[in-house]
Amino acid sequence: MSVSATNISDRMAATGTANALELRGVSKMFGALEALGDIDMTVKPGERRAVLGSNGAGKTTLFNCITGDFPPTTGSIRFFGEDVTGFPAQERIRRGLRRTYQISLLFTGLSVIDNIYLACRGVSRGRFSLLRPRRNDALMQSAEDLVRVVHLDDVRDTMVSDLSYGQQRQLEIAMALSGAPRFILFDEPAAGLSPTERRELVDILTGLPGHVGFIIIEHDMDVALRVSDRVTMMHNGRIFKEGKPAEIEEDPEVQALYLGGGHG
Amino acid sequence: MVAIDSPRTTTTDMRRRIASVPPVYWVLGILLLIIPAFASDFVMFQIMGWTFILGLIALSLMFLGGYGGMVSLAQMAFAGFAGYMVAIFGDSAISGISQGWPWWIVIPLALFLTVIFATAVGWLAVRTEGIYTIMITLAIAAAFFYFTRQNYELFNGFQGFNSVLPPELFGIDWRGPEAFYYLTMFWAVTGFGAVLYVSRAPFGLALQGVRDNPRRMAALGYNVTAHRVAAYAFAAVIAGIGGILLTWQSAQISPGTVGIQSAIDILVIAVIGGLRHPIGAFIGAFIFVLLKTFAVDVLIALGLGGERFQLLIGMGFLIIVFFSPDGLLGLWEKLKASRRRDPLTGGQR
Amino acid sequence: MRLFATRHPVWAAIIAVAAAILLWMIFAVWPDGLEDVIGRKKVFLNALFNGITLGGLYFLVASGFTLIFGLMRNVNLAHGSLYLLGGYVGYFAAEATGYWLLAFPVAFVVVGFFGILLQVLVFRRMEGEDLRQTLVTIGISIVVADLMLWGFGGDFYNITPPQWLSGPMDTFFVTAVKSSGEPVFMKYPMVRIVIFAASVVVGVAMWLALNKTRIGMMIRAGVDDRDMLSATGARIQIVFVGVFAFGAGLAGIAGVVGGTFQSIAPGEDIRFLLASLVVVIVGGMGSIPGAALGALLIGLAEQFGSVYFPTYAVVLTFLIMVVVLAFRPQGLLGRA
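Chains as they are written, first to last, in this note's numbering: chain A, 1 to 264; chain L, 265 to 613; chain B, 614 to 949.
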C-alpha cells in the first residue's frame, strides 16, 4: 500500500469517532441563483444515507461540492475529521472518497477487468510500469474480487461497448469501489435499470463492507429507502426533513411535496 | 490476456501461452525465416527490408494513434532525426561535420536524443484537444524539414549526409541483402512484440484509458498529460530505430527524407493497414512498398503516365478510408464476422 | 481590451510600450545612428507593409480553415489544394475574359461549389467521425494536387492585375529626408494595398455576419456546442454545407490573391496549408479575430525574417508557433 494510505489509517485510528462527512453552513451560489443554502449535514462512518428531492433540489450540486468539482461559496466540509473544503478533487480521492456518475464514464475500448484494474491502479504506484502484472499481483487480485462483488464474473473479459446498460452501471459501481474507499457518493445508480437489475443493485449496495459508508442520490424511492439507514430530503437547495426511511415515507409533508400525495 | 486466477506450474503456463498464439503468426514466422533461401537480393533488401523499416515507423504512429488516440504526423520527423544524429555523430562522407564516434556510443546517443526531441514535441502537442494533434505535429514536422534544409552547420542543408553505413560487427557487412534482411526483420519483430506486450502492461492500459476517457482517468488519479507525453517518448524509440535502419538502407539522409510527403506516407501506411492492431502497420507497409515498386508498370499498363503514382496512392487511400476506416484489418474483421453470421437469422453460427 | 489590461497589467504595459516604439519607427524620420544599426528605413517600411499585406492574404486562407474547423470539427487538410485550385481557376478566368476582377467571383463560385460537393457527398456520411473526415481530406489533397499537376503542369502562373492597379502608389510615410530638406515619400505597389483593404473588408463583413445576424448566431452556437445546435431544430446540415462552401470559396479567392501577389505553382498548396495551420495555432482555433491576429503576426514575422534573418526566416514563424503552444496551447485568442 502507498504511503498516503498508511497515513489515512493512522488518521482514522487517531480521529476515532470522527464523522465520515460533516458539512457546516455549506451554500453554493451560481451568480444570483442559490443552488445550495445553509446545508448542515453529518454522516457517521459506515452510515448509509439517501438524499432525495425533486429535480433542481440541489442534490448533484451537493455532490459536486463534496467531491471538490467546485468549492462551496460558504461553509466547511470535513472528511473523517479533516477539513477538505479547499482541497482539489485529487486529494479527496486519495483520502478515500469515491463517486459514481450519472452518465457512465467508462473505458469503452477495454474489457471489464481492464477497467477495474485501471481504477485500482490509479491510486497506487507503478502507473507507468512497462511490465505486465505478475501472477501473484495484489492489485490484480483486488480487481478480480471487485468483479465478483458487482456480479460481473461472466462478462469479465467483455469489452465495455458490448455490455448492456445495466452491466455498465454495475461496472461503474466497481470503479467506485476500487482502491479501498472509505466513503462513496452514488449518483442515481438505478436510473434506467430494469426491475431485475434494480434488485441486483440493492443486493450489491446492501452487501458492501460495513466500514464503507455512502450517500445515494436517487429518484427511485424503493431502492433508496431499502438501502439506507437515514434519509435527507432536499427542496430548493435546502434540507427540509431528515429521518429514518420509514418515518420519511409516512411523513405527510414529504408526501405532499415529493410523492404527490401517493407513492407509486 | 492478463489472466491470473490460480497458481500454475511454469511449464503448463508456457504451453498455454504457446498454444494461445494464433496459427497465422507461426506460418508467418516460418515464412519470414526461410524467405532468404529463395528470394532475390532485390526482394530481400528493397522490398522486405523497406517493409520492415516503414512498418516500424508506422508502428510508432499506430501506438500513439491506436492505443493513445493521438494521430501524430511527426513520427517520420523523429525517425529522420535519429538518422541525422547517427550521421552527425558517426561516420559519413561529410567529414567536416561527422564526429566519427564509435557505434556503441552513437546509436544509443541518437536514440536518446530522439526521445528528448519527441518528449518536447509531445509536451507541445498533448495539452490541447486530440483533434489538434494532427495539425500541431504536421506543423512541427514541417518546421523540422525546413530547419534541416536551411541549416548547414549541423544538418548540411539541402544535401544532407551520404555514405552513412552500419558498423561492421562480427565481420558482417550489414548492408548485404541477407544480413540487412535479418537485421530489419529482427527489429521489426522486436518492435512488434514490445508494442503488443506493453499494450497490456499498466503503461499501455493507462494509455488506452486516457484515450477512451481522459476525464475519468484524471478522476482516478492519473496524470493524463504525463501519460500522453510518455507515450510519445516510447513511440520515439521505435521510430528512431526505424529511422537509423532507413538511413543505413539508402546510406544517406537528407531533408527529403523528413519532408511533408514522407510524413503523410507514414500515416497512409498506418491507416491502410489498420490502426487497431500492431500487425496493421506492417501490412500497410508491405502494400505501400509493393505499390511503390510496381506501380509505375501498372500505371503505364493502364495508359496513365508513370508519374501518376501519387494519384494511385491517394485514390487507394480514399477508397480504404471510405469503405473501411479501420483499414485492411478492419475489412478482415468484418469478413470474419459476416462468415460467422447465419445469413437467415443473423445470429452467430 | 480594457478587461485584458486590468487582468494582465504587466503584459498590457509591455504591449503599449512596444506599440509606441513601433509607431515612432513608422512615422518619424530616422536618425542616422539608427539607420547604421538596423538598415534603411525604406527597407523597414517595405518589410512592414509586405508583412501586413501578406497577413491579409494569410487571413483570407486561414479564416476559411478556422471557420470549417470551428463549426464542423473538420481539420480540412485539403484547404491548401482549394487555394491552389482557386488560383488556377482565377488565372484562366482572368486570361479568358481579360477582366482581373472577374477572377474573384469565378474562383469563389467554382471552389465553393467543389466544397458543396465535398460536404454533401463525402463529409455528411461521416458525421461525427472527426478523424475519418480529416483522413479523407488528406486523401483528397493528394488526389487533387496530382490532378492539378497533371492538368496544369509544373509552371508558375502569374495573374496580372489590370493597368489601373499596376504600379506604385505614393504613400504619406516618410522614408528619408533629402539634403535639401525635402521629405522622400515611400512608394508601394497599389495592388497590394487594394487587396489588403479588400481583405479587411471581408474580415469585417465576416465578423458582422457572425455577430449580428441570426445565421451567424447559429454558427457561433454550433462552434460552442454542436449537439446543442442540432437539438434546437436548426437545419444544421444546410448550415454545414453553407459554411464549408463559404470557407472553400474564401480559399479560392485567396488563391487569386496569391496568384497576383506571387504566383501559382505546385507546392503552393502545401505552403498555404502550413501557413493556415500555423496561423490558427497561433491565433486560436475557431476564432476569426484570432485568425486575423495570427495572420498579421505570421505575415510580419515572415517578411521581417526574410529581410533581417534570411537563412532562418521560415523557422522564425514556426518558432512563434512553438512559443505560443508552450505557453498558451489554445492560441492567443482561443478559448481555454
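Calculated from the structure, these hints are not laboratory results. Quantities reported herein were computed from a predicted structural model and do not represent experimental measurements. A couple of the hints might just be wrong.
[What the hints assert, rightly or not] Partial chain A-side listing against chain L, Cβ under 7 Å, derived:
(1) Ile103
(2) Asp114
(3) Phe128
Note that CB positions come from ideal geometry on N, CA and C, so glycine has one too.
We went through each hint and held it up to the structure:
For Ile103(A), the shortest C-beta to C-beta distance to chain L is roughly 11 Å, which exceeds 7 Å, and the interface hint is violated. A distance limit of 7 Å between C-beta atoms decides the matter here; for Asp114(A) the minimum to chain L is near 6 Å, and the interface restraint holds. Interface hint status for Phe128(A): upheld, as the beta-carbon distance to the closest one in chain L is roughly 5 Å, under 7 Å.
This entry does not satisfy hint 1, going by the numbered hints stated previously; all others are met.
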